[in-house]
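Heads up: the protein sequence lines correspond to chains A and B, in order.
Quick note on numbering that gives the first Met the number 0: the first sequence kicks off at 0 and runs consecutively.
Quick note on numbering that gives the first Met the number 0: the second sequence kicks off at 0 and runs consecutively.
One or more hints might be untrue.
As the list claims (entries may be wrong) - Quick list of in silico lysine-lysine cross-link-like pairs, DSSO-like style, CA-CA up to 30 Å:
| # | chain 1 | residue 1 | chain 2 | residue 2 |
| --- | --- | --- | --- | --- |
| 1 | A | LYS206 | A | LYS121 |
| 2 | A | LYS39 | B | LYS128 |
| 3 | A | LYS216 | A | LYS142 |
| 4 | A | LYS83 | A | LYS186 |
| 5 | B | LYS59 | A | LYS83 |
| 6 | A | LYS216 | A | LYS206 |
| 7 | A | LYS83 | B | LYS128 |
| 8 | A | LYS51 | A | LYS115 |
| 9 | A | LYS186 | A | LYS142 |
| 10 | A | LYS39 | B | LYS132 |
| 11 | A | LYS30 | A | LYS43 |
| 12 | A | LYS115 | A | LYS43 |
| 13 | A | LYS115 | B | LYS128 |
Calculated from the structure, these hints are not laboratory results.
One-letter residues, chain by chain:
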Amino acid sequence: MTSQAVFQFQTAQENIHPLPQMEQVTQLEAKQVNVFYGSKHAVKDIHLSLYKNSVTAFIGPSGCGKSTFLRCLNRMNDTIPSAKVTGEIMIDGINMNQSELNATQIRRHIGMVFQKPNPFMKSIFENIAFAPRLYGASKAECKQLVEESLQKVGLWDEVKDRLHHSALELSGGQQQRLCIARAIAMKPSIILLDEPTSALDPISTSKIEQLILELKKDFTIAIVTHNMQQAARISDYTAFFYMGDLIEFNHTNQLFHQPSQQATIDYLTGRFG
Amino acid sequence: MEQVTNLPNKKLEETSLAEELRSPAKKLIRIEQRGRIYTLLSAWILIITLFSLLFFITSKGIMPFIHGEITLQNFFSTHWGPTSAEPGGPFFGSINFILGSLMVTLLSALISAPLGIGAAIFMTEISPKFGRKILQPAIEILVGIPSVVYGFIGLTLIVPFIRNTTGSIGFSLLAGVIVLSVMILPTIVSMSVDTIQSIPQSLREGSYALGATRWQTISRLLVRTSLPGLMTGVILGMARAFGEALAVQMVIGNSPNLPFQLMKPISTLTSVITLNMGNTVQGTPYNSVLWSMALILLLMTLFFILLIRLMTQRGKQG
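Generate coordinates for the entire structure from the input sequences, incorporating the hints supplied.
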């Protein structure tokens, strides 16, 4: 036990990334996070923090482990039987990456939005009230939460007259904003976005980007994106992943203008990826 | 130009591509026509067969009423006595059999629907490995067992069991319901499995990400989302139960009682038809009334199909 702890400490020392100055409150801290899919080592020794009320972008070529790492942060990898996640993910002083801690309970504090909009085949209202209902919210509370959440994502005026219509009637961009509203309705502290605009047109994309900037006032946000311009536009911090390694993690400005690693320079200049 | 004419398979007179395109080879046209005629013929044979069947059963079924051999009042009464010599007879009251058919169908669906849907959820969501390896083959075997074997098992196991435990004669509505529940279970399970499996994984992930447990995801999302498909499975099962003759007839007792007591022998439309069709003379009211019952069976089946249509339509609309 102790020898293992020492070993972990040593690897932590070795694995130094240029971390941003801690001028902000840390909301979540990942230490030595590794993910294995069967025998495949998909994410290697990641050390990374999410700071309160900031947007952190994960960039990198396809298959670099950025989405896999994001899915560790709300224990979504638990749903894949072959996946094994090691390391510590500290939130509010507790390592939530322990199998004895209930993953469902953890996910109630961390919202997630997926690549493809996935509204349930229910009404707009029922989609947003889904999580509050699970937690036992009353009808009045649900009603209020639905309105609040829809207001926050700027969808209220567009749908307030058809709250009880099927959510599938909405356009792709509206559906994605609905999914964000659905995550907001459970009042999380962190929102994870897994390439939320990759299935959307440019106008819907820019609406979501504005929304993310708006949301960071209330939430801590991590976003996976394959679009470097998007990362530059909306994020405060950027983490560059390559082949399962976290190559560089820094202030977005810094990382884009003065990258310290050759791999980052190559990726940003389009030499691979 | 020369290159084209020099190609080995080209006829000499086909000198230009333009000409070739304007008059496609006769062979091509012939092949197209043959295919068209073959499929068209198949389709029409099918349609004609179906409509002649419908016409035949309908005309046979309403004939006794048109000829005045049987009155509607007589038919929709509870008094069955086709050979009765009593005043006012013979009596062709079939309401007991119609209710009998409905009752066995409803009761067996009530047993099989929750069981079948539960098993389907287990196979798809809880333990897919076990489901694929053990339950799937088991279901396929259940489908493959002929109905006479089901009836025979019911006759040898269920009827004596009911007789010994309740002291009744054993042949009963209950025995029919039990046999039919087992028979329609595979239909409900396989239909439910297909529907639940067709729900995209992204919806399950969405639900988990909102902090729903597996059971909450199943009960609040998956079951609701697949409800039209599940109902279709149940209705398909009911249609099978309603139309099943042999196995039911073997265990149900075949007495013309009203089907409101589980332990009493009753009759269904199908059991009355199969038992009596060989013993009646064509053209007599006794024979004709069997056709009227067949017509009711047909109408009920059409009703089930209509329900399934409505369900799938609703499913598509989401």
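Legend entry - Pair hint outcome, A:LYS51 versus A:LYS115 [Cα-Cα no greater than 30 Å]: It holds: about 26 Å lies between the C-alpha atoms, which stays within 30 Å.
Legend entry - Restraint status (C-alpha distance of B:LYS59 to A:LYS83 at most 30 Å): violated, 69 Å
Inset, instruction - Mind checking the alpha carbons of A:LYS115 and B:LYS128 for me, to see if they're no more than 30 Å apart? - result: With Cα atoms ~28 Å apart, A:LYS115 and B:LYS128 stay inside 30 Å; holds.
Inset, instruction - Would you mind confirming whether the straight-line C-alpha gap from A:LYS216 to A:LYS206 stays at or under 30 Å? - result: holds, 17 Å
Legend entry - Distance restraint between A:LYS39 and B:LYS128, which requires alpha-carbon spacing of 30 Å or less: holds, 23 Å
Inset, instruction - Measure nothing beyond the straight line between the CA atoms of A:LYS83 and A:LYS186; if it is 30 Å or shorter, mark the hint as holding. - result: Given that 30 Å is the threshold and the Cα spacing comes to 28 Å, the pair holds.
Legend entry - Pairwise hint evaluation, B:LYS132 against A:LYS39, where the allowed Cα distance is 30 Å at most: Answer holds: A:LYS39 to B:LYS132 is near 27 Å, not above 30 Å.
Legend entry - Given pair status - B:LYS128, A:LYS83, alpha carbons within 30 Å: holds, 20 Å
Legend entry - Given hint A:LYS142 paired with A:LYS186 - CA-CA distance at most 30 Å: holds, 15 Å
Inset, instruction - Would you check the hint for A:LYS115 and A:LYS43, treating anything up to 30 Å between C-alpha atoms as holding? - result: Judged against 30 Å, a Cα distance of about 26 Å means the pair holds.
Legend entry - Pair hint outcome, A:LYS216 versus A:LYS142 [Cα-Cα no greater than 30 Å]: It holds: about 23 Å lies between the C-alpha atoms, which stays within 30 Å.
Legend entry - Hinted pair A:LYS206 and A:LYS121, Cα distance within 30 Å: OK: A:LYS206 and A:LYS121 at ~24 Å, within 30 Å.
Hint compliance for this structure: hint 5 alone is broken.
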